[in-house]
Amino acid sequence: MDLDVYLSAIASGDTVAFGRWLADAEPSVRASLRSFAAVVDVEAVLQEALLRVWQVAPRFVPDGGANGLVRLAVRIGRNLAVSEVRRTRARPVEPADLEAEPDATVAAPDPMLRAAIAECRDKLPAKPREAFDARLASGGGSDDADLATSLGMRLNTFLQNFTRARKLLAECLGRRGIVIDQELGA
Amino acid sequence: MTPEDEDLLIEQVAGAWRPAPTDDTLTYHKAWHDLGEAARMKAFDRARALRTAEAALDPDGLSTTARAVLSRIPR
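Heads up: the protein sequence lines correspond to chains F and Z, in order. For the first sequence, the numbering used here puts the final residue at 327, and the numbers step up evenly by one. For the second sequence, the numbering used here puts the final residue at 83, and the numbers step up evenly by one.
These aren't lab readings, by the way, just hints derived from the structure by calculation. One thing to keep in mind: the hints can contain errors.
Straight-line Cα separation of at most 30 angstroms, DSS-like style, residue types lysine-lysine; simulated pairs [claimed, not checked]:
#1 F:K308 x Z:K50
#2 F:K268 x Z:K50
#3 F:K268 x F:K308
#4 F:K308 x Z:K38
#5 F:K264 x Z:K50
#6 Z:K38 x F:K268
From the structure, some residues in chain Z lie toward chain F, with a derived Cβ separation under 10 angstroms [to be verified]:
#7 T10
#8 V21
#9 A24
#10 Y36
#11 A51
#12 A55
Here are some chain F residues the structure puts well away from chain Z; computed CB gaps all over 12 angstroms [as the list claims (entries may be wrong)]:
#13 D143
#14 D145
#15 R171
#16 F177
#17 A178
#18 V202
#19 D204
#20 A207
#21 L221
#22 P266
#23 A278
#24 S283
#25 G293
#26 V320
#27 G326
These figures come from a predicted structure and were not determined experimentally. Where is the CB? At the ideal position from N, CA and C, for every residue including glycine.
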């Protein structure tokens with residue numbers, strides 16, 4: 142799957158095309174930053190890296206290989222992470238991790254997984270589902286304290302409900318033989 | 009810090025919300041600073057798992073991270 146099919150549209154300012162690229166590129170770029178997770182806030186680095194891809198895309202010249210824009214995102218993310226390690230004087234990352242060639246493979250979304258997760262989400266009890274849905278609906282735009290207030294919950298209650306939703310979702314998927322990641326149910 | 013308290017911090021850090029960046033400095037989730045290295049790794053892995061679920065539930069296949077990035081693009 143070569144996500145550079147979206148490149149010309151992204152370069153011309155098409156945010157819908159960029160959204161489609163993001164949907165498929167994000168997991169690879171996130172995975173490439175795992176070796177930094179103990180020393181930098183990867184979520185902050187990742188969002189900034191992806192935003193910078195949008196900003197530089199009009200000037201990006203493909204090298205002919207597949208997923209050039211994903212590989213660019215991985216490079217931007219790792220450079221940002223290295224800068225953060227230096228800025229915050231965090232402990233050094235292992236040299237082998239810095240030099241490792243990140244994997245820019247992009248996996249296609251699985252329609253059956255989508256259906257299973259939707260069915261399991263629909264079975265969540267009311268309060269956990271409220272917390273889970275509030276995070277989804279906010280699209281990363283509100284912190285948990287604000288989401289808790291909007292639902293009439295204390296922050297800890299909101300987080301406990303969210304945790305319960307996450308674990309119930311993992312249990313439901315597990316009964317169908319689906320394990321997204323052990324951490325979903327941890 | 010009790011394991012339960014730590015897990016609530018991990019839950020917050022695993023979310024996609026981050027304070028709006030100021031000038032050229034990245035802004036971390038404040039709870040991230042209260043976590044040890046093992047807990048930060050756990051937050052990373054939990055975030056990855058959650059984003060997969062979020063994207064599967066989104067009509068456009070977008071996670072909350074992707075939505076947060078799109079919201080920062082000036083229209």
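We went through each hint and held it up to the structure:
1. F:K308 x Z:K50: 15 angstroms, holds
2. F:K268 x Z:K50: 25 angstroms, holds
3. F:K268 x F:K308: 14 angstroms, holds
4. F:K308 x Z:K38: 24 angstroms, holds
5. F:K264 x Z:K50: Roughly 26 angstroms separates the two Cα atoms, so the pair holds.
6. Z:K38 x F:K268: Holds: Z:K38 and F:K268 sit about 26 angstroms apart, inside 30 angstroms.
7. T10: 12 angstroms, violated
8. V21: Cβ of Z:V21 sits 7 angstroms from chain F, so the hint holds.
9. A24: 3 angstroms, holds
10. Y36: 4 angstroms, holds
11. A51: 8 angstroms, holds
12. A55: 6 angstroms, holds
13. D143: 17 angstroms, holds
14. D145: 18 angstroms, holds
15. R171: With a cut-off of 12 angstroms, F:R171 comes too close to chain Z, as the shortest Cβ separation is near 6 angstroms.
16. F177: 9 angstroms, violated
17. A178: 4 angstroms, violated
18. V202: Nearest chain Z Cβ is 22 angstroms from F:V202, so the label holds.
19. D204: 24 angstroms, holds
20. A207: 20 angstroms, holds
21. L221: 7 angstroms, violated
22. P266: F:P266 is indeed farther than 12 angstroms from all Cβ atoms of chain Z, at 17 angstroms.
23. A278: F:A278 is in fact no farther than 12 angstroms from some Cβ atom of chain Z, at 9 angstroms.
24. S283: It is violated; F:S283 is separated from chain Z by about 6 angstroms at its closest Cβ, not greater than 12 angstroms.
25. G293: 19 angstroms, holds
26. V320: 10 angstroms, violated
27. G326: 9 angstroms, violated
Hint compliance for this structure: hints 7, 15, 16, 17, 21, 23, 24, 26, 27 are broken, all remaining hints hold.
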